[in-house]
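Make a model of the complete structure from these sequences and hints.
Heads up: the sequence shown runs through residues 1 to 182, numbered per UniProt numbering.
Fair warning: there could be bad hints in the mix.
In silico lysine to aspartate or glutamate, EDC-like type, Cα no more than 16 Å apart, as pairs [as the list claims (entries may be wrong)]:
no., residue 1, residue 2
1, Lys94, Asp174
2, Lys94, Asp118
3, Lys89, Glu126
I should point out that these hints are in silico values taken from the structure, not numbers from a laboratory.
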Amino acid sequence: MPVLISAVVLVGALCSLDLILTLGVIKRLREHGELLAARAVDRPRSAIELGEPVGEFAAHTVDGEPLSRATMTGTTLVGFFTPTCGPCKEQLPKFMEYARTMPGGRDRVLAAVVGDEDLAAPMVAELRSVAKVVTQTRNEEPMGAAFEIMAFPTVLMVEPDTEGDVVVTDDAVDLSRPTLPV
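In structure tokens, the structure reads:
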């Protein structure tokens, strides 16, 4: 009988410990959920979101190449910049360095410079060495509309899914980490 009482007390103690630990985990999960919700509110949406398909668009690069959603056949780095934006100027060297490491090279990098053509010229000249470049005015942004751009700079990674739709695979590209060679 004393063995049975000891076993019941031991099981009761283990269950109590398990209950305390479970309540602690639930409390931490709630705290993390609140932090993530607050972070989502703090970080406004700047473009199309992860997993969403890119809209239809038609444009020409500054070199005269036609460009559309259909011409994006592999993993592609896409950047949107404007020459009057301080953060764009800060991100541009990082974008260019990252673009140099992209498998497929210049064919897998697309940059859109939005703004006055004269102001955009130096930025376009820099980007041409590493990317297909499209210039757009604020009034006419077919690519901006297709990617739902709401802020500059915006850098995305896109690629066709199994059904052939070009979708966003990364909506927060970390430009400080070079791509992995394929």
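- Item | Hints the structure fails to honour | Violated hint (a single one): 2; every other hint is consistent with the structure.
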